[in-house]
Structures are given as C-alpha cells and as structure tokens.
Amino acid sequence: MLDAKIPAGKLDEKWTKYKGTVKLVNPANKRKLEIIVVGTGLAGSSAAASLGEMGYKVKAFCFQDSPRRAHSIAAQGGINAAKNYQNDGDSVYRLFYDTIKGGDYRAREGNVHRLAEVSTSIIDQCVAQGVPFAREYGGLLSNRSFGGTQVQRTFYAAGQTGQQLLIGAYQALERQVALGTVEMHARHEMVELVIIDGKARGIIARNLVTGELERHFAHAVLLCTGGYGNVFYLSTNAMGSNVTAAWKAHKKGAYFANPCFTQIHPTCIPVSGDHQSKLTLMSESLRNDGRIWVPAKQGDNRPANEIPEEERDYYLERRYPAFGNLVPRDVASRAAKERCDAGFGVGSSKQAVYLDYAAAIQRYGKAEVSKKNLGNVSAEVITNLGKDVVKEKYGNLFAMYEKITGENPYEVPMRIYPAVHYTMGGLWVDYELKTTIDGLYALGEANFSEHGANRLGASALMQGLADGYFVIPYTLGNYLADDIRTTSIPTDHPAFVEAEQKAADRINKLMSIQGKQTVESFHKRLGKIIWDKCGMARNAEGLKQAIEEVRALKAEFWSDVRIPGEINAMNQELDKAGRVADFIELGELMCIDALERNESCGGHFREEYQTPEGEALRDDEGHMYVSAWEHQENNWNLHKEPLNYEVVKPSQRSYK
Amino acid sequence: MNWSLLFSSSIGKKIVMALTGIFLVVFLVVHCYVNANIFFANAEENFNRAAHFMGSNLLVRITEIGLFAGFILHIVQGYKLELQNRGSRKSRYAVTAGNKTSKWYSRSMAILGTLILLFLIIHLAHFWVPSRFGGLEEVYYGDKKFHNLYLEMKNIFAEPWVVIVYILGCFSLSWHLLHGVQSAAQTLGWTNKNFFPMIKTIGIVFSILVPLIFALMPLAMYFGLQLDLENITLLF
Amino acid sequence: MQHYSMNLKLKVWRQKNSNDNGHFENYDVNNISSEMSFLEMIDVLNERLISEGSDSIAFDHDCREGICGMCSMVINGQPHGPWKGTTTCQLHMRAFKDGDQITIEPFRANAFPVVKDLMVNRSAFDRIIQSGGYVSVNTGNAVDGNSLPIEKQHADDAFAAAACIGCGACVAACKNASAMLFVSAKVSHLAQLPQGEPERKQRVVSMIAQMDKEGFGSCTNTYACEAECPKEISVLNIARLNREYLNANLSGN
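Taken in order, these protein sequences are the chains called Z, D and E. For the first sequence, the residue numbers in numbering that gives the first Met the number 0 are 0 to 655. For the second sequence, the residue numbers in numbering that gives the first Met the number 0 are 0 to 235. For the third sequence, the residue numbers in numbering that gives the first Met the number 0 are 0 to 252.
No lab work stands behind these hints: they were computed from the structure. Here a beta-carbon is modelled for each residue, glycine too, at the ideal position from N, C-alpha and C. It is possible that part of the hints are untrue.
[Stated by the list, open to error] With beta-carbon atoms standing in for the labels, derived distance ranges:
hint, chain 1, residue 1, chain 2, residue 2, range
1, Z, Lys515, E, Ser4, 22 to 28 angstroms
2, E, Asn109, D, Lys199, 27 to 33 angstroms
3, Z, Pro26, D, Lys89, 45 to 51 angstroms
4, Z, His274, D, Leu18, 53 to 59 angstroms
5, D, Phe6, Z, Asn507, 45 to 51 angstroms
6, E, Lys15, Z, Glu305, 53 to 59 angstroms
7, D, Leu18, Z, Lys371, 44 to 50 angstroms
8, Z, Asp531, E, Asp27, 30 to 36 angstroms
9, E, Ser4, D, Lys89, 38 to 44 angstroms
10, Z, Glu135, E, Asp27, 55 to 61 angstroms
11, E, Asn145, Z, Val21, 27 to 33 angstroms
12, Z, Arg362, D, Lys199, 37 to 43 angstroms
13, Z, Pro26, E, Asn145, 29 to 35 angstroms
14, Z, Pro26, E, Glu51, 55 to 61 angstroms
[Said to hold, decoys possible] Chain E is faced by these chain D residues, among others (derived, beta-carbon under 8 angstroms):
hint, residue
15, Leu4
16, Leu5
17, Ser55
18, Arg88
19, Lys89
20, Tyr92
21, Ala93
22, Ala96
23, Thr100
24, Thr190
Pulled out of the complex, with its shape left as it was, chain Z reads as follows:
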C-alpha cells in the first residue's frame, strides 16, 4: 500500500505542523552532506540554490550549456499566488480549491493546500531577488486573470514570466556556485541512478562534450528534470526536454504515476508541414481578449475576413457562456478538436481554428477615443488606436506569430490549434516529494503531485518554485537527519561500477546497431502513434493498437537505428537516441495507463466516457485514485493510491 504520509490534522494546519515538528540537521552536519540536483529549471535551480544557502554540499547537473537555458524559461503567461492584492476575494483556500477543481479532482488535497500556502512567499522571494514583475503606476505589483479562475491572481513579467523567474533562480544558483556550496556540471546528462542498500546514493552522468561517463556520490538525489511531453515528438517542450533521468529512476524502482495525464494546450501555432520540429505556444493570456471561432458552415474556404459575423461560430462562448473563451485548457482544446473533426477547421490543413482580435481592437480603440476625448473620429483612427493597445499588451506574442507564419495577426485572425504542452503525470512522490526509492526525490513537473488530471495556467511556475524554495529545504532535512553518520561512499563501490557498466553497455549497444533509420524518424513515428491514439481523445480500441505499435517500434528501433559519430566525443545523435529509446518505453506505459483508467477526467478523455453534451465523465466510485506503476522486467504492476477528499466535495466540473 502506498503511503503518501500526509500529516494528520486539519488541512490548513498540516504544513505548519509538519514544519514545526520535522527533524533538523545542524549546520556542522549539513556541510558533510552531499546532494545531487539533476536539472536546473525553476525547481532544480531554486532547490540547488536554497540547499546551498543552507550549507549542504550540492552538485547540480544540466544537459544544456548553461543552467539558465532550462525550459522553464519559455513559460510566458505568469505565476499564480494567493496574495489577494486585487481585493477580489482571493485566498489560500480559493487557490487551493481552483487547483483541485481544475485538476478534475485527481490531486491530493494536502499537497495542493501546501502549494497554495507557500505561493505567497514565492512572489516575495522573487521580488527580493530583483525579478522585474509588471507594476502599476503606483509602483505596486500588477495582476492579470488566467483560465479556470474568476479572480486576478496571476503575477507576470510581460510575456516572459518564466524567463524572469528562472533568471532569478539561476542568479541565486550562480551565487552559490561562486560561494563554493554548489558545484555546477553543465552539458552533463544523468544516465543511471546508483542505489546502495536500498537508498539512492548517486548518479552516473555522461559528459556530453567528451562522452565520458562520470560517477557522482550523494546522500540524496533530487530529480528536477521536467516533463515528458516530447514523447509526442511535436510539443511546445524544448528539443532537449526528456524523460531519461526519471525513466532510469523508474526502472530502478521509482513508481511512475498517472503517465496518461498530459495537457494539450489550446492555443498553439498549427503544424505547417512534415518538416515541423516543434510547436510554439501562444500564451493563454491571449484568450483574455481574443475570441475563438470557426466558420458556421462546413468546409468554408473563404478567407476569414470575408466571412460575415452571422456565419461565424464562436463555439466556446456558445457552449460555455459563464467562462466563455477562458475555460480551462483541457475543455478549450477538446472543443477545438471537436470542431475540426466535424469538418469546420480552417487553414490549408483544416486543423486549426481562428483566434480573432478584431473585436478587441475595436473595443480598445473606442475606449481610447473616449479616454482621449477625441470625439467623432474615423473608423481607421479607432482601429489604429486599438492596435496600439493590443500591441502594448501582446506585442511580443503577435511578433512571434508573424515570424513563424508570415501573417500579420493585427490584420487577419491567428490560426491556432491545440498542442502538447505539459505533463501532469510523473514520478510518484509522497508529501515530502520523496519517490518510492529512499533518498530519491522528484520536484516540479518531474513529479505528479499537484495538478491532478489537468493543470491550470500559471500554476507550473508556482509549483516548480514552491518545491525548490519552500518544500524540499524542509522535507529533505527530515531524511538526511537520519543519515548524518553516513560518510561519503567512494565511487569505486561495486554499485557505482555496476551502474556505470550498465550505462556503458547500453551506449555500446546503441552505437553497434548501425541500421538504416535515423533517430529522428523513430521519434516522429512514436509521436504520431501517441498523438493519434493517446492524445486529446482516446479509446480502448486505439490504445490497444497503440500498445502493439509501440512495442513493434521498440523492436525496430533496437535493430535498425543508425547513429553516426563516436562514443567518446560530442555526439548529439547518440544523446537523442538514448532519450528516444526511453520515450518509446514510456509511450507504452502511457497507453497502458490510459487504457486502465476507464473514465474521462481533465486531460484524459476517453471517448467511451462522456456526458451527452460531450463533456468528460468522471467515475469517482471506481477511479478516484492515483495510478502508480511499478516497473518489472517486461511489464508494469499497478499500485493505487486512493484519493481522500476531506474538505472539497468532488462534483461534475462545470464552466457553463
């Protein structure tokens, strides 16, 4: 039986009580304790910096050339916090409630409440670091609204919030590097976990420049390696984002939870052709002002501007009048897919819907006219004034759209389509963020804990920083307090030798295949299988097929992949091959998990389980649990962690 170790007591007292009673490590002992942090995104950088500040000896690893490149940097919209600066009724409880509801009642109450509690400290910490959040004329912090909530609690820095937060954490990290508490290893990839006497005691890392395998000891290992969205090949993730570290841990005994919970973001730039290597997100904040529509007539090929108002179907406003264009991501994505599947899609591929700013431009233009007392002005003046306002708010996003598509979004509506964006699933962790392997922790998107079956916008940044700045510094001490007598284990220990051998064997095997097909081509094929059959909508039939197809693909990969170059040198194809091999295995587990979960919830939509209106139909009786998968030689074993709702009463999620 999985024990999440949620502290007893009232929901809003659990974390305070935990902090007050948790075991501590004294400063002299901290200096002797070594910690490995893999990944330097928001979770990793903030954890490494905070633990370094506390006096631990930290080693941090990232595969990029600098910790500042981690993909947290690409987050656009913002970060939530229950500050209630807007006096609009926000509170820790509301943030907690919105997150639970947004996650379609598949997250733990205890974890989510803690997240809401520490959210306010995150903003304070970031401001103190000099993160240049948007401000009002009075000099105070500005907020905006995001999908799935009715308050304004999102803090932001133009369309570059993730960048600014990550640079704050990165600077804190570099400060510790300068002070000598953190040793940074960039262009290194974790390729194996080392376990001694049942405890995580280090990693094998590959130096991506020289190809050498290195052994690194630690008293505890923190995986802050992000999500696995790249299993779909096309996603908004960075090209290098991968599941390898988490997957190695999984294969050594860490359970993988809810792998089928993936988030498809509704507003991305559509695929333009087979050459496409990745997808680009257009921030959710665009749904604040943009209206989403498709032609009311099937197969309407007229240019958008020639379709008159009455022949347009603003389907989100029609279906969800209360939230309109600001419904949560899973709902908006499915609605777009439904329209396109029904033949109402636009653009050359017909796999797109319009995100239209014409109305917003007019609205803002008229507001400017009255603000400036311009009286009677021409329509052109109104439009130009409106464009200026839109430019000020979303200029960088519009410019990005134009660079990619060559179309001017101020003149013609943007074409958008859902794309894989985030993975709610990840390594199973308990309340302390510890996996099922002692001494191995997972933080941020790499774990599964806070977002249930669907994540709300602006919550990923919140969770990454919460885990790194304010959770792990407490919970890790509770484990290490019992480990102060363990001295550094020399890396010639048999467990290190064995782990390194295993990693070397795998690399040798990959290089020795010398088949005909490139790594990229396998990745594309995997992505297509998973997107078609385990994407926005799934059914038992398709999932069963997908499992077979993925297994066949795996066999083909291991017999026909071609990797050029050498082992002991920089070899990007080899790096990619290792990652794709792991994605293939994960792909199979995702389908198995999706097949096992006979209900629809959040981002997991099984076509067999829907309401007459086409909404997700949960099965709280049968499926109110976390699926935690244990890896076995050729299969997986399911462990269920029941979810107990003590405070919130689960109900049919409605945004109508």
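Knowing the structure of chain Z, use the given hints to seat chains D and E on it.
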C-alpha cells in the same frame, strides 16, 4: 577610490580614450578659432597675433605640454586597445556583416587615427617646428616683432599636393570625429534615452563643421580667396 | 503569404573538437520550404548526412522559440541571421530565395571556444554572473512583495534590460568580441531596482573584472551588438554600465 583599476580595466582604458579625445576636441575648437581669423578683415595681422599669443602665453605653453601628453596617451592607448581587441578573436569570420550593422568609420577608428597621425606629423613639421625652433620670417606690428606664420602658410599652401594632403587629413578627422564625439559621450556614461539623439546630432554637426573650416584654409590660401567680411575681426 | 520551395548552397563550418583547426564544407540542399525554420532546414540536411553515413552537423538549440538563448550560429556574417530581433531558431526560410549561397559559422571569440562544428562554449557568461550578477538574498529572507513600491518606469526599464537571453550574439557581432552589452544588461537590470542597491558598486566592479579576465575585447561603441541582439537590448545600457563603473570607482566603498 581605485585609480589603478580605473585605468587598467577595459572600461578604464576606454575612459582614458574618451577623456583625452574630448581634450583634443577642445583643442580643435581653439585651433579652429585661431584659423578662422584668415577669413576676416585684417587677416594677416590678426592671425599672426593670435599665433604669437598661442606661442608665448605661459598658460598656453603649459597646456601645450598637456596637449602633447594627451595626444600621446590617446595614440598609445588607442593602438594598445586595437591590438588587444584584434587579439580577442583569433579565428576570423569568412563573411562579415559589414555596413549592415555598424558604420564603417566606427570600425575603422585605428586606421583613421593613423591617417590623422601621419597628417599631424606633416603638419607639425610645416608649422609647429619652425614657429618653435626658428626659421620663420618676421614682421612688425607697431614696435613688436611677430613670426609671419601667415606668410609661411601662403608659401606652404602654394603646393597643390600639400593642399590635397591637408584636405584628406580633414576627411580623416571628420570621420574620426563622427564616431569619436558620440562614442566619448557614451563611454563616459553621459548618454541616455533623452540625450542620445541630441548628442549624436551635436557630434555630427561638429565633425562636419570643424574639419570643413580647417579644409577651407588651405583652399583659401591656394586660390587666394579672402572674405574680408565687412571689418569683422576675430580678436585675441 | 505565398509559400515556395528553394534550392540552396550551404557553406558550413566543420570542426571536430576544440583542438581541431576546422574548415568549411559545401552542401547542396534542395526542396526547402519557405515555411521551414532555419534550424529545420539544417535538420533536413543532418538527416541526409546521417543516411549517407557521415556525421551530422553539431549545433546548439533547445527551446526553438527564441527565449532560451541556446541557439547561435553566424549566418552570412550575421549572428542569428538577417532578421532583426530574431534568434536563429525563429528565423524562417522565407528570409532566403532560391539559389542563395549561405555561409554558416560558429560564434567566433577567444572567450567562446568552439566545442564542435557550430557549437561554442559560453560558460564565460556564467562566470560573469557568478562574479556578482545577483541580489544576495537567501531563500526565506524576503519581505512582502508590495512593501517595496517601484516606480513603473524603473520596473519597465529593468525588465527591458533583464530580457537578455545570454545567447552571446553581442560578442559574436562585435568586431572586438566584447561582452559589454551582456554585462550592461545585467548591471542595468539590477542597478535600476532598489533590491540591487546594496551591492550596486561591488557588483559592477567585480563583473567588469571577470569580463576582462575572460578575454573579451573592449567596447568601441560601434553598436553592432544592439543591431544584432535578438532581444534588441539597448546600447544605452552600456552607457549606464560605464556610469555605474565610474561612480563605483570614484566614490569608493
């Protein structure tokens, strides 16, 4: 205060370039003012008197030492920086952006500076050496004896190649200043959102006007032009 | 938008590792769609090279949406290619026409040694940040975010400087391989905020010392950096940096 750092660091060295540059710019203004005498009434006498003042006033002579020091510092530091900057990219590009991203004269300050230096040597040999170490004819205004630098100028600028060299020198100076004036302001941190366009404009006007006045001098001498503007004199 | 396809002649810098001398190789690539990104064009070439049994061209890239700062390359003499305010990953093939010859080189600077092919080592930037590009505030020390109002103009200006993605295009573009735009962006970001005030003088002095130590050239104000910066960081930040440096050294600590 950390002076040594201020002059050994990369920014410090640039500050030296900027400060000496500005000092030299001030000198140019004075020189230009003296020269301008030739365009006005009573040109010969006024010019020779002004030259005499520059050569005999104690304060000016002390400043002259400073001026030479400024030149030498500007030149030596400039070459040192150029060498160091060239050395910071050992492997060169096969293709460069050229004028798409910066002005050619901004990238050619060392070459322009070298041309000015060559010109300066000729110029000093022509005028400064004889006026300090003798060899000039003399002329009396009242009962006071003056060097007839004006006459020397007329003689020197009778040679067409000299006139051409001087005009080329003025072009080099113009381009050098076109970059140099705003660059000095930028290095000293005087530029900001409000002033940058203004400083750039002043820089452009200055770097065209001053070399133009200089260039007019050999031309005027060669072609024997004189304005004799309505008894207007620039007095010293 | 009219889409078209094109054939191109590429001249690409190949260098096995940092010890190798490196040389150019010529490649023909055909049927490139104008809708592709520049890196997708290189992906196509790499797929072909692998199929032909040769080694693929190594280049840095990650987010491919213009924010991580990992992609580099000098394309026809311009870091990140011909489009203004755009990283290589966001450059699209619309920028080229059929029959174009494109020369692709790594960022070149002594302080950025080549790792392989088009990939360079920019860890010098990390070390510059280590020397002082931060606010010394341990986790948990912070006061309420709104207890420190900041004039909107200052916050906006600090943000504009903080938008630097640390890609190094400024160094690559500068004829002196100077890192002044990068350093000035960080100094400007923190110097304009009250949070950065206590360490203001020490920061600028240390960061410049580290910058010099790394072997970057000095700034001669050609402003090629600003012209090539994908985030269009202003050279006025360099003026501020100069000011900060002068102040720090003249007023002492």
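Evaluated hints:
Checked against the hint of 22 to 28 angstroms, the C-beta distance between Lys515 of chain Z and Ser4 of chain E comes to roughly 26 angstroms, which is consistent with it. A C-beta distance of roughly 32 angstroms is found between Asn109 of chain E and Lys199 of chain D, which places it inside the suggested range of 27 to 33 angstroms. Between Pro26 of chain Z and Lys89 of chain D, the C-beta spacing of about 47 angstroms keeps the proposed range 45 to 51 angstroms intact. For the pair His274 of chain Z and Leu18 of chain D, the supplied restraint of 53 to 59 angstroms holds, since their beta-carbon distance comes to about 55 angstroms.
Taken as a hint, the range 45 to 51 angstroms is violated for the pair Phe6 of chain D and Asn507 of chain Z, whose Cβ atoms sit roughly 57 angstroms apart. Lys15 of chain E and Glu305 of chain Z have their C-beta atoms about 56 angstroms apart, which keeps the hinted 53 to 59 angstroms range intact. Checked against the hint of 44 to 50 angstroms, the C-beta distance between Leu18 of chain D and Lys371 of chain Z comes to roughly 47 angstroms, which is consistent with it. Here the CB-CB span from Asp531 of chain Z to Asp27 of chain E is close to 35 angstroms, well matched to the stated 30 to 36 angstroms.
Distance hint check: the CB atoms of Ser4 of chain E and Lys89 of chain D are about 39 angstroms apart, consistent with the given range 38 to 44 angstroms. For Glu135 of chain Z and Asp27 of chain E, the hinted distance range of 55 to 61 angstroms is satisfied, since their beta carbons lie about 56 angstroms from each other. Checked against the hint of 27 to 33 angstroms, the pair Asn145 of chain E and Val21 of chain Z passes, with Cβ atoms roughly 30 angstroms apart. A hinted range of 37 to 43 angstroms for the beta carbons of Arg362 of chain Z and Lys199 of chain D is consistent with their spacing of about 40 angstroms.
Taken as a hint, the range 29 to 35 angstroms holds for the pair Pro26 of chain Z and Asn145 of chain E, whose Cβ atoms sit roughly 33 angstroms apart. Separated by about 59 angstroms at the C-beta atoms, Pro26 of chain Z and Glu51 of chain E satisfy the suggested range of 55 to 61 angstroms. Among the interface hints, the one on Leu4 of chain D holds; its C-beta lies about 6 angstroms from the nearest C-beta in chain E, closer than the 8 angstroms criterion. Hint status for Leu5 of chain D: holds, given a least beta-carbon distance of 5 angstroms to chain E, under 8 angstroms.
For Ser55 of chain D, the interface hint is violated, the least distance from its beta-carbon to any beta-carbon of chain E being 37 angstroms, above 8 angstroms. A cut of 8 angstroms between beta carbons decides the hint on Arg88 of chain D: the least distance to chain E is about 4 angstroms, and the hint holds. Of the supplied interface hints, the one on Lys89 of chain D holds, with its beta-carbon coming within about 6 angstroms of a beta-carbon of chain E, less than 8 angstroms. At its closest, the beta carbon of Tyr92 of chain D sits 6 angstroms from a beta carbon of chain E; the interface hint therefore holds under the 8 angstroms criterion.
Of the supplied interface hints, the one on Ala93 of chain D holds, with its beta-carbon coming within about 6 angstroms of a beta-carbon of chain E, less than 8 angstroms. Checking Ala96 of chain D against chain E by beta carbon gives a least distance of about 4 angstroms; that is within 8 angstroms, so the hint holds. The beta carbon of Thr100 of chain D comes within 4 angstroms of a beta carbon in chain E, closer than 8 angstroms, and the hint placing it at the interface holds. For Thr190 of chain D, the shortest C-beta to C-beta distance to chain E is roughly 4 angstroms, which falls under 8 angstroms, so the interface hint holds.
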